[in-house]
Every structure is written in structure tokens, then in C-alpha cells.
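First to last, the sequence lines map onto chains A and B. Taking our numbering, I'd label the letters of the first sequence as residues 6 to 326. Taking our numbering, I'd label the letters of the second sequence as residues 248 to 583.
Calculated from the structure, these hints are not laboratory results. The structure displayed is predicted, hence computed values, not measured ones. Treat each hint with caution, since some may be false.
To be verified - Among chain A residues calculated to face chain B with C-beta under 8 Å, some are:
no. : residue
1   : 105
2   : 108
3   : 109
4   : 117
5   : 121
6   : 127
7   : 197
8   : 198
9   : 201
10  : 244
11  : 247
12  : 262
As the list claims (entries may be wrong) - Just so you have them, the derived chain B footprint on chain A, three or more residues with Cβ under 8 Å:
no. : region
13  : 129-135
14  : 286-293
All C-beta atoms in this analysis are idealised placements derived from N, C-alpha and C, irrespective of residue type, glycine included.
Okay, here's what each chain looks like letter by letter:
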Amino acid sequence: MRTSLGIRAGVIGLAAVVIAVLPLALSDYNRTQGADVAVFFMAILGLNIVTGYTGQISIGHGAFMAIGGYTTAILTHEHGWNDVATLPISALVGFAAGVVVGLPALRFRGAYLALVTFAVALAVPQIAKNYSGFTGGTEGLQLPQHTGLWLYGAAWLSAAILFVLAWLMLRSRTGRALRAVRDSEVAAASSGVSPAVYKTAAFGVSAAFAAVAGSFYVLTISFVNPDVFGLTLSLYVLIGAVVGGLGSLWGVLVGAAFVQLLPIGLTSSHGLSSQSVPVIFGAIVILVMALVPRGAADLLRVGAALSSRKSQNNSLGLEGR
Amino acid sequence: MAVSQLTRTLVPTIRIRWSAWIVPALLAGGCIFLVVGSIQSSLFAQQTVSGLANGGIYASLAVALVLIYRATEVINFAQGALATFTTFVAWQLLQWGLSYWPTFVLTLAIAFALGVIVELVAIRPVERRGNVLTVVIASIGLLILLEGAVGWIWKPTVRFMPSPFPLHFWHVGGVAFSSQDIGTIGVSIASVVVLWAFFRFTKLGLAMRAAAVRPHAARLVGVRVSWLLSLGWGLAATLGAVAGLLVAPNPSVQLSPSMMDGILIYAFAAAVLGGLESSIGAVVAGLAIGVVLSLLGSYVSWVTPQLQLPAAFVLMLIVLLVKPSGLFGRTTVRKV
Chain A
6 MRTSLGIRAG VIGLAAVVIA VLPLALSDYN RTQGADVAVF FMAILGLNIV TGYTGQISIG
66 HGAFMAIGGY TTAILTHEHG WNDVATLPIS ALVGFAAGVV VGLPALRFRG AYLALVTFAV
126 ALAVPQIAKN YSGFTGGTEG LQLPQHTGLW LYGAAWLSAA ILFVLAWLML RSRTGRALRA
186 VRDSEVAAAS SGVSPAVYKT AAFGVSAAFA AVAGSFYVLT ISFVNPDVFG LTLSLYVLIG
246 AVVGGLGSLW GVLVGAAFVQ LLPIGLTSSH GLSSQSVPVI FGAIVILVMA LVPRGAADLL
306 RVGAALSSRK SQNNSLGLEG R
Chain B
248 MAVSQLTRTL VPTIRIRWSA WIVPALLAGG CIFLVVGSIQ SSLFAQQTVS GLANGGIYAS
308 LAVALVLIYR ATEVINFAQG ALATFTTFVA WQLLQWGLSY WPTFVLTLAI AFALGVIVEL
368 VAIRPVERRG NVLTVVIASI GLLILLEGAV GWIWKPTVRF MPSPFPLHFW HVGGVAFSSQ
428 DIGTIGVSIA SVVVLWAFFR FTKLGLAMRA AAVRPHAARL VGVRVSWLLS LGWGLAATLG
488 AVAGLLVAPN PSVQLSPSMM DGILIYAFAA AVLGGLESSI GAVVAGLAIG VVLSLLGSYV
548 SWVTPQLQLP AAFVLMLIVL LVKPSGLFGR TTVRKV
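Whole structure, please, built from the sequences with the hints as guidance.
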């Protein structure tokens, strides 16, 4: 899209200021929830790189979050590392795991790929359960506790760093290559862009983002066991990515807030029994898909188009699938 | 309806290549292995039968998934939750004093209606403007909604579902087969066969296949494609209800809002392994997964209960790496 860089920089700057000022008005408990929004932000950002920009559907990002979370937990708990120092290691381990999953994934496409990645997401917590000497099994591992403010600041700082990294990567030659692979593998290959290399790399980078998200996820609850990374986590990350809008960095914040804050908001609103919350949340997910099938990013685009009164050439990913 | 003209395009051209024989040969080998093993050891026979019983349940849910995937290319995450919901309805009907088999029939009818309503209310509005992924997300929303509804209406306490089959063991050559296992195998296979006959021999079934394979051509010859999609959801929900009713009496599962989660996962595996578009593939793969898990669990010591799921997935991955379109899937030629 061709809206001026100034408007986009302005919106991003405004969002950054709001996120930076917000903790002053929040209780410590709410700051932890704000940190969880950052966790989903990073995971959805990662998923968007592989699904939104490279066109490879993954329902398995909970697995990479689990790998990152366990990396941080084991290094701090067993080896006495500082938890911030574990983050680069977590990203590296996540990258390696992403490449390991990405290589066989080259053989699959569409629904097959989706279900194979889903299988990975289900298998990883089971493996963690089995090798309890290493991972603490179902009893889990305790981590050092942090204040809500520390968590909020650290999580959003790394979210900002990852966002800038993703933005730089996606607007560069690499980003163009990924989009070329998404739109037509044959066309990409005949222009000298290797689909295999870029798809695997996209899986790796995406998994590294999810792993860092997983590290912070574990830090916010200062505890880890296999049930933390259950089936719903992967599904929520996917919901967030689609609600935000695939193939757009703008929508990631909306998607993260949607999956993390909406259930909490419903729970704390008056007159609702806590058991009705999933019913309402599920209904809202369906409603959003019916009304805004391309996610919040599409709304922003329409808004920008109306305000600048220019005809836009919307090319969204995953069309015609 | 000029449906008969469509049969010509629907019947695939038969070409026999050497690679076409690998899968049947493997299956025949597997069957021989199971029969010989069962004659040799009674433990082996018992594990095989209980594996087949579990596999029958995976198979019927997998066929339900295939039914919807073939028509719309959507992986229906809500398939298990629909089954859970209808099983709770059946439990409620039994509580109100109905006897088992009338409840069974009534539940299947309710499941059918529920499937049709869900398609009309939740899926069709999403499908009209979105793409396949949007519909998949809507089905995840439906999963959250239905499981939540079950917890809300019936409160998440553990309940006991009676079994349709009286507790009884048949002794064949020193091997005890429980009526529950045999009955489960029988009912799940029977429901899949009925469905197959419906698609194969009735005009409505033919119209549904036409609507799934060539929606535009089918519409041109007077098939009401959109109505048949609702019907497909109804049938899938009915099949899911059969699976739910069969699995709920199992003491290791029990009646709870998340009771179908684990089963849905194996049904996914069966559907993918069978080739996603093939009902026969889903049945064979479902039975195979059931038996393999059962035998792995009792004979391979390092496969602990926790590792059963990863082990099943590793096997699935190996098969899929060799044959990425599944055992019975068609290799499609993609247009450049």
C-alpha cells in the first residue's frame, strides 16, 4: 500500500507512546496482563512471517513457544543463568527447531502442512512430560518472580526490537523473496529465488520469534509445565494472526489484544458468569470472521483509502487458496 | 436432474502403475502380520481387537472430517466438539428416562439438525466473504463456543455414560473379547458402510459428490450446491455423534467437555494419512492408527503413555514424507 510513510510512522509512534505510558495507569497485576499481550504480539508476529508473508500455514507455533519457554526455564533453573541472557539462546534454539520442522514441511502444502504442524504442537508437550528429569515433568519448574512493571517493560522492549527486525527484513530483498514465494513458487524459482531456502528460513525466523515469546510467557507466570503449552495456545496464536490480518504488520497489535484481553475483559465484566465466557468469545470469533474476513489490517487499509481518497491496490496473501 | 451425465466425469480413469500396488501390498502384509500374531499369542489378539475398537472410533470421526474437507477444503476443528455436545444431549435424554436405543436414534437426528444449523448460521456467512483459512478460524471459534456451552449447560463434572452393549465376554480359543470392543467395531464400521452406500447408490449421494467435485458444473445441471453443503455438515455431525456415543462409556475417556480432544487429534492423523479426500483411506488409516498405538503401548517398552502421541505422529510423518498426499490421496497436478 502506498499511504505515505509519515502516516504509518505516526501511527506506530502513537502506539509506542501509548504502550510506554500505559503502565503508569495500571495496577501491577494488569501490567502482567499487558506483558502477556506482548507475548502474543511476538508470537503472532512470528506466525505472520511464515503464514502471512510466505504463505505456509502453521498451526504449530505453540510448539516453538514451548521450546523457547523450556530453554529459558532450564537455563535459569538448572544452570543459574540470568533470565535476560537466556533470550538470545532461546531465539537460537527456536530458529534451529524451526529449520528442523521447516525442512520436512517442504514436502507438504495447504491442509497437510497445517495438520503436520498441528501434530508438532501436540507432540512437544508430551515429549516434555516424558523426559521429566530434564524438564521437570508435570510438576514443572519454578522460575524467579518479577514485578509486573519489569515484565511489561522487558516484554514490550523485546517486542519492539522484534517488530523493527521483522519490518527491516520484510521490506528488504528477503521480504520480497518471501512474498514472491507466497504468490507463486514457480515464478519465484524462475527469477532465481529458491522456494526451499526461503521457506525453511522463514520457518526458522518465525520459530525464533515464537521462542522468545515463549520465554516471556514462562517468565510472566514464573512457572513452566507441559500443560502451559496446551492445544489452545497454538489455536489462539492462529486466531490472533487472522483477526489482526495476515500479511500485515499493522494488525499484529490488534490480534494480540483480541486474543489476550477480550477473554479477560469478558470475565471481569459484570453480569456474566465465568462459564459463559468461552461461549461469547467463540461467538465473537465467528462474528469477526463473518464481518472482517481479512482482519483488522483490512479495516485500517479501508480507513486509509477513505481518508486519502486514493484507489488502493490491495494485494493480500492467501487469496485463492 | 441430469445428474447421470455427471457420472462420466466423476468416475476416475483407471490406470495401473507399479506404485499403485505398494499401498495394497503393505496393507495385506499388515493384515497377515496381525492374523498370524493373533493366532500365536492371546495378548496380541486382545490388543489387536481393542486397537481396532479405538481405530473404528478414529475412523468414523476421520470420515466426518473427510466429508467436509472434500466439499469445502476446510479442516473442521469443531468436529469433536459437535460430537461432545450431542453426546451430552444423549446423556440428558437418558437422564430423563428414555431407554438407550430410542435415545441413540433421537440423538443422531438432533446431531443432523445441529450440523445443518451450524453450517447455516456460523459457516455460510463466513464462507461467503472469506477464504478457506477464515472458515478454519470460524470452526476454531465454534470449537471454543461448543465446548464452553457444554461446560456452561452441564457443568464440568465427570459423568458416566451407559454402554449400549451389556458387559459380556466371548471366549474364542482362550482369548476374551469384550462385547464393548466388538460392538464398537461393528457400529462404527456399519455407520461408515451406510454412508458409503448412500454416496454410491442414491441420487442424493451422487449429487453431493458432484457438488463437492465440480460445484459449478453441478449447479449448471440443477444440483442445489449450497443446500448440499449444509446436508454434508449434517451427515458429518451425525457420524461424529456415533463416535461420541461409542467412546463416552469407555472408562479411560468419560463424559467431559474435552472428551473428544484427544480423539479428534487421532482422527486428524487418520484423515491426513488416508489422503484427506478419501473416505476409504480415512477408515483404513483410522483402524491402522488404533492397532499400531495399541500394539506399541503393550510391546515396545520405551513407548510410555506420554510418548504414544509423538510416536504415532513420527510414524505418520514418515509415511507422509514418502507419500505426501496420503495413502489413498490423489496426486494432483498443479497448474503453473
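Here's how the hints hold up against the structure:
| no. | hint | verdict |
| --- | --- | --- |
| 1 | 105 | 12 Å, violated |
| 2 | 108 | 10 Å, violated |
| 3 | 109 | 6 Å, holds |
| 4 | 117 | 6 Å, holds |
| 5 | 121 | 7 Å, holds |
| 6 | 127 | 6 Å, holds |
| 7 | 197 | 17 Å, violated |
| 8 | 198 | 15 Å, violated |
| 9 | 201 | 14 Å, violated |
| 10 | 244 | 6 Å, holds |
| 11 | 247 | 5 Å, holds |
| 12 | 262 | 17 Å, violated |
| 13 | 129-135 | holds (count 4) |
| 14 | 286-293 | holds (count 6) |
Hints 1, 2, 7, 8, 9 and 12 from the earlier list are contradicted by this structure; the remaining hints agree with it.
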